[in-house]
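S.K.: Protein chains in written order, with this note's numbering: chain A, 1 to 78; chain B, 1 to 151.
Hints may contain errors.
Stated by the list, open to error - In silico SDA-like cross-links for lysine to any residue, where the CA-CA straight-line distance does not exceed 25 Å:
(1) A/Lys12 - A/Ile69
(2) A/Lys14 - A/Thr25
(3) B/Lys66 - A/Thr36
(4) A/Lys12 - B/Ser148
(5) B/Lys55 - A/Asp73
(6) A/Lys45 - B/Leu43
(7) A/Lys12 - B/Glu145
(8) B/Lys28 - B/Tyr45
(9) B/Lys55 - B/Val74
(10) A/Lys47 - B/Ser60
What the hints assert, rightly or not - Some residues of chain B that are not near chain A, with every Cβ distance over 10 Å (derived):
(11) Tyr7
(12) Phe21
(13) Val25
(14) Leu44
(15) Arg48
(16) Val74
(17) Lys142
(18) Tyr143
Bear in mind the hints are in silico, worked out from the structure with no lab data behind them. Since the structure is predicted, the reported quantities are computational estimates derived from the model, not experimental observations. Cβ coordinates follow ideal geometry from the N, Cα and C atoms, glycine included.
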Amino acid sequence: MHENMGSGIQMKNKIKVYRAMHDMTQEALAQQIGVTRQTILAIEKGKYDPSLELAFKIATFFGVTIEEIFVYDEMKSP
Amino acid sequence: MKQNTFYLLLGLIGLLEVGLFGISVLLKNPLIITAGFIMGIGLLYIARMTITDLKEDERSTMITQKAGFRTLEVFWVLFFAVSLGSAVIGFSTPLGLPHPKNMPPDFPRDEPHLGYFGIIQMILLCCIAFLYIGFRVYYARKYGEWDSDEE
C-alpha cells in the first residue's frame, strides 16, 4: 500500500475531517499514533498511503472502521 | 543520547579518521586507517542505537529504503565500469613469475595502479554519497517531507 499506485487508482481519506471533528492538530494525532506530523500531512494530501497497520491505528483511534476513513477510489481512464 | 550529540560525535570521529589517515601515510602503514575506520564506523553504529529522540516512522523508513535501492542500482554500473577499465590495465601487464626482463619503458606497470585505484574508489564512494542524498531529497519531496501545513 505504501505509495500511490499508478493506472488511475487512488486512495482517498477523511483524516482531516475526523481530525476536525475531534478538534485535533496534526501534531497531536501524530503523537497519539506514533508517527511524525509530516506523515499525517503526507497522508492527508494523498502523497503517501499508510501501511495497513497504520491505517488500523488511525481508524481505531477515531473509533471507526478503516472503510470509513480510507476510500479506495478507482478513477475511470479517459 | 540526543540526536545533536550524535552529530557532534560524528564530526569528531570524522576528524579523528582524517588524522589517522595522515598518520597512516606518514608511517606507510595502511593497517592503521583500515582498522581505525572500521572501529570508527562500529562506534557510530553503536552510538546511533542509543539515540532517544530519533524521529523515524514507516514513511521515513520507506524514503531511506527507496533512496538506498536507487543509489545501489545506479552505482553498481558506475563501479563495475571503472573496475572493468582497471582490470584491462591489470591484464595488460605480464602475469606470473619470473619478472620479465628488458621491458620497453612505456610498458604498462601494475604496481602504482593499485594505489591510484584506491583513490578512484574513494571518488566513487563520494559519488555514492551525493547520489544517495539526491535520491533522498527526491523521495522526501515526493512523499511530502517539506509540504507546508494547511491547518
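S.K.: Which hint numbers does the structure go against, in order from smallest to largest?
M.R.: 5, 6, 8, 9, 17 and 18
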